[in-house]
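Number of protein chains: 2
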Amino acid sequence: MAKEITSRSENYSQWYNDIVVKAGLADYSAVRGCMVIKPYGYAIWEKMRDQLDRMFKETGHQNAYFPLFIPKSFFSREAAHVEGFAKECAVVTHYRLKNDPNGKGIIVDEDAKLEEELIVRPTSETIIWNTYKTWIQSYRDLPILINQWANVVRWEMRTRLFLRTAEFLWQEGHTAHATMDEAVEEAERMINVYASFAREWMAMPVLVGRKSESERFAGAVDTYTIEALMQDGKALQAGTSHFLGQNFAKAFDVKFLNKEGQQEYVWATSWGVSTRLMGALVMTHSDDNGLVLPPKLAPTQVVFVPIYKNDEELSTITQVVEKLRAQLHSKGVTTYYDNRDNYKPGFKFAEHEMRGVPVRVAIGPKDIEKGTAEVARRDTLQKQFVAQEHLTDTIVALLDDIQQNLYKRALEFRESSTVKVDSYDEFKKVIAEKGGFVMAHWDGTPETEALIKEETKATIRCIPLDMPEEDGKCIVTGKPSKRRAIFAQAY
Amino acid sequence: MAKEITSRSENYSQWYNDIVVKAGLADYSAVRGCMVIKPYGYAIWEKMRDQLDRMFKETGHQNAYFPLFIPKSFFSREAAHVEGFAKECAVVTHYRLKNDPNGKGIIVDEDAKLEEELIVRPTSETIIWNTYKTWIQSYRDLPILINQWANVVRWEMRTRLFLRTAEFLWQEGHTAHATMDEAVEEAERMINVYASFAREWMAMPVLVGRKSESERFAGAVDTYTIEALMQDGKALQAGTSHFLGQNFAKAFDVKFLNKEGQQEYVWATSWGVSTRLMGALVMTHSDDNGLVLPPKLAPTQVVFVPIYKNDEELSTITQVVEKLRAQLHSKGVTTYYDNRDNYKPGFKFAEHEMRGVPVRVAIGPKDIEKGTAEVARRDTLQKQFVAQEHLTDTIVALLDDIQQNLYKRALEFRESSTVKVDSYDEFKKVIAEKGGFVMAHWDGTPETEALIKEETKATIRCIPLDMPEEDGKCIVTGKPSKRRAIFAQAY
Numbered sequence: 072m073a074k075e076i077t078s079r080s081e082n083y084s085q086w087y088n089d090i091v092v093k094a095g096l097a098d099y100s101a102v103r104g105c106m107v108i109k110p111y112g113y114a115i116w117e118k119m120r121d122q123l124d125r126m127f128k129e130t131g132h133q134n135a136y137f138p139l140f141i142p143k144s145f146f147s148r149e150a151a152h153v154e155g156f157a158k159e160c161a162v163v164t165h166y167r168l169k170n171d172p173n174g175k176g177i178i179v180d181e182d183a184k185l186e187e188e189l190i191v192r193p194t195s196e197t198i199i200w201n202t203y204k205t206w207i208q209s210y211r212d213l214p215i216l217i218n219q220w221a222n223v224v225r226w227e228m229r230t231r232l233f234l235r236t237a238e239f240l241w242q243e244g245h246t247a248h249a250t251m252d253e254a255v256e257e258a259e260r261m262i263n264v265y266a267s268f269a270r271e272w273m274a275m276p277v278l279v280g281r282k283s284e285s286e287r288f289a290g291a292v293d294t295y296t297i298e299a300l301m302q303d304g305k306a307l308q309a310g311t312s313h314f315l316g317q318n319f320a321k322a323f324d325v326k327f328l329n330k331e332g333q334q335e336y337v338w339a340t341s342w343g344v345s346t347r348l349m350g351a352l353v354m355t356h357s358d359d360n361g362l363v364l365p366p367k368l369a370p371t372q373v374v375f376v377p378i379y380k381n382d383e384e385l386s387t388i389t390q391v392v393e394k395l396r397a398q399l400h401s402k403g404v405t406t407y408y409d410n411r412d413n414y415k416p417g418f419k420f421a422e423h424e425m426r427g428v429p430v431r432v433a434i435g436p437k438d439i440e441k442g443t444a445e446v447a448r449r450d451t452l453q454k455q456f457v458a459q460e461h462l463t464d465t466i467v468a469l470l471d472d473i474q475q476n477l478y479k480r481a482l483e484f485r486e487s488s489t490v491k492v493d494s495y496d497e498f499k500k501v502i503a504e505k506g507g508f509v510m511a512h513w514d515g516t517p518e519t520e521a522l523i524k525e526e527t528k529a530t531i532r533c534i535p536l537d538m539p540e541e542d543g544k545c546i547v548t549g550k551p552s553k554r555r556a557i558f559a560q561a562y
Numbered sequence: 072m073a074k075e076i077t078s079r080s081e082n083y084s085q086w087y088n089d090i091v092v093k094a095g096l097a098d099y100s101a102v103r104g105c106m107v108i109k110p111y112g113y114a115i116w117e118k119m120r121d122q123l124d125r126m127f128k129e130t131g132h133q134n135a136y137f138p139l140f141i142p143k144s145f146f147s148r149e150a151a152h153v154e155g156f157a158k159e160c161a162v163v164t165h166y167r168l169k170n171d172p173n174g175k176g177i178i179v180d181e182d183a184k185l186e187e188e189l190i191v192r193p194t195s196e197t198i199i200w201n202t203y204k205t206w207i208q209s210y211r212d213l214p215i216l217i218n219q220w221a222n223v224v225r226w227e228m229r230t231r232l233f234l235r236t237a238e239f240l241w242q243e244g245h246t247a248h249a250t251m252d253e254a255v256e257e258a259e260r261m262i263n264v265y266a267s268f269a270r271e272w273m274a275m276p277v278l279v280g281r282k283s284e285s286e287r288f289a290g291a292v293d294t295y296t297i298e299a300l301m302q303d304g305k306a307l308q309a310g311t312s313h314f315l316g317q318n319f320a321k322a323f324d325v326k327f328l329n330k331e332g333q334q335e336y337v338w339a340t341s342w343g344v345s346t347r348l349m350g351a352l353v354m355t356h357s358d359d360n361g362l363v364l365p366p367k368l369a370p371t372q373v374v375f376v377p378i379y380k381n382d383e384e385l386s387t388i389t390q391v392v393e394k395l396r397a398q399l400h401s402k403g404v405t406t407y408y409d410n411r412d413n414y415k416p417g418f419k420f421a422e423h424e425m426r427g428v429p430v431r432v433a434i435g436p437k438d439i440e441k442g443t444a445e446v447a448r449r450d451t452l453q454k455q456f457v458a459q460e461h462l463t464d465t466i467v468a469l470l471d472d473i474q475q476n477l478y479k480r481a482l483e484f485r486e487s488s489t490v491k492v493d494s495y496d497e498f499k500k501v502i503a504e505k506g507g508f509v510m511a512h513w514d515g516t517p518e519t520e521a522l523i524k525e526e527t528k529a530t531i532r533c534i535p536l537d538m539p540e541e542d543g544k545c546i547v548t549g550k551p552s553k554r555r556a557i558f559a560q561a562y
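Taken in order, these protein sequences are the chains called A and B.
Heads up, the first sequence is in this note's numbering, so the first residue is 72 and it goes up one at a time.
Heads up, the second sequence is in this note's numbering, so the first residue is 72 and it goes up one at a time.
Here chain A stands alone, though its shape is the one from the complex (with noise of 0.2 Å):
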């Protein structure tokens, strides 16, 4: 079975697309850029969804939901986000079908004409804000802090499964504040929960930063990511949380009554995270034999396989295995039994292997009579034979030694991948060689950053929030910079 992936040396993106098709996580659909995603991809996003929800409610968001559709002229409301935003979408024009006259098939019904398009929503800032005006009066109605679970649709050209989509699963927080300090502190707070799940759940490193300007989100006054680097030395922006000052609001006219009895714009924040998650997660710790997962996103952490002849030899395995499986659950672990009669063991070790499942528990005639269990890690290939009585504790340590492995391993293919260069060519030469992180000095201009973009394809993902104040010259111009941005080739 793992024969069937492409190795990562060969062709990373085939292999990547291999893993998400074989391993059972989504596939192309027979609508152009959208996908299906599979159970086995959806368990997971969903470990994802709720996880990320605990810890909105956490911080005291609640969750709402705003319509599908919106009217085309609220696109047109904010300057910025027209031009980023209501380009490439999906626009409904008509609200009927009709039979065709001529006896083939069904026709869009001409006189089902809608007065206004109604664009399939990009992102909600528009439909929300302008909602939000009939919610806010005075400052007792501040903040609002409410997130949507939703589905968005941007017409991309080249799609590829969980990173670019038509249609895409995602969360977007839309906040309401009496002050620009709050917003601001809201942006911040959001980012550096998005930072902590990719570090504890998703075991991902990832740098927390500002955008620079011409990456900025179209409306936003500041722009926060957290960015991950890939095992091609790409770097992925994983979700961002927008500062968006009183933009919105001055576009949708949202005013309140301050304490001091004045009108004021409210201030805004919005922030997001979408299933691109997915495609992070499968790149970040992924190998050539399929998918390698996190014990703490695996639908199944542990997957028992009996090794058996005949029907009295697995009697006596699954006798063990419901008892081992009995103590595991009682300690928050999810196992599945593979006792399926028409596969035989090295395939189901090899499908498990594929689909990523933390740890793999063999058990055959000779371990029953020793006592014992072969216990496989899913992130080192490891094997060891563990006693029955010991299995519980050792595998719940197990689990926790592979989240932390995961991270660990990651951090430093990250910290291998990051240099520092002073030099344009050098910057050229480790971008077109090596890729990874390029730490380098910046004017701070849209024009030398277009520039680089142009010629080696690299963008700044971001200016770190923790990145120290060094003087130095841009490597493009020599003038003066204060602090150095990161560069990388990305998704």
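Since the hints were derived computationally from the structure, they do not count as laboratory data.
Just so it is clear, the structure is predicted and the values come from calculations on it, not from any experiment.
Even for Gly, the Cβ is constructed at its ideal location relative to N, Cα and C.
Mixed in with the good hints there might be a few duds.
[To be verified] Derived, one-sided and incomplete: chain B residues facing chain A with beta-carbon distance under 10 Å:
| id | residue |
| --- | --- |
| 1 | Tyr136 |
| 2 | Leu168 |
| 3 | Val279 |
Using the hints provided, position chain B relative to the given structure of chain A.
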């Protein structure tokens, strides 16, 4: 605050709308027929969704996600389905907007016209069966037991919050089976899951039955339904489960190799409930003071309101309240301490009554002296003084009692609103004057059903699965009938 609600006797549908809006459940949006589900309404929906999701998983189902868009031609494949579903729906014809050359905002880019129009899913049988074709080869791939939580769009001309909106949230199960018996069993299993959920969680009695041919889902061989009775004597279809036979398998050419080595079409079911359940919940239990919620679905089960004149009193009360809340939390009870200092107790009482919080506890200085608290239940509005030391046990029992009482009350209402009639004159009189469920003999023909509908606006809600055989004569044609059907006017 309660004064703002129209009474049921004055105007039932205005009463409903007042509750939905004023209890903060939902509101209309800027997009025709689309609603905004507000945080409080969404929190109730989340509780319903989470419990249904657990019940689906316990019965072996997995979640997945399929595209929002369906190619227009897919609807023409299944003859009955196209008639039922492909008409009033949102049609995407273009994928790009551009700046108006005359400088007036943005316009649809006519160069970006889709070759084939896409329909925003009104239901997903077609796109899912088109996918299943690639997943199913042999009996080993069956059954497929998949559910999807999604938004769908049906372009309704007359909309009402939750009950009938252009966009709504729902779940749709889509299963594939090797045999007819298995598929029928699945369709029946799921209607019974819905019935249990309605009774045990929503405290809403439902009839479980089959639809007549003309009320069947477009493309189904058999449609099962749960039907509830609202306080105005109208029926509400609260969930349906369909045995689809091999109709969609034939339309999308989905065959499997059976155990005998022969190619056979796959058998199918689909089943769904939607945010319409929110409307059913509101109309089943609420009264002229506002929303009434069954404790199992209430986001906050107990609200504490302090009665105080100064900070010292408040501080003493707060200490007692926090101790009581901790005790309740340890029993799994959700609470809220309404210590907002800019609202008076009377205002808070009315607000929580409006929002249907099942139990309210008020504590003032006298209660502190005596070690008591005033406990009010929302369903009957009765109050009692309870010793603080017994408060937790009392409330745990009270929540259970409220849950039972709401079901009992609704069941009594339904029973007193269900009558047997044996003549068409009596039928017309009951439907016109009293409403409710009417059990009558019917000759089994769509013609008679259509006549009754035209003359009385009553439709056959279902033929209950447990309806006993009984020889009788059709109330309209006098032709023989084996069994009564349930008629009612309906939402």
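Tested hints:
1. Tyr136: Hint on tyrosine 136 (chain B): holds, closest Cβ of chain A at ~4 Å, below 10 Å.
2. Leu168: 5 Å, holds
3. Val279: 28 Å, violated
The structure does not agree with numbered hint 3 stated previously, though it agrees with all others.
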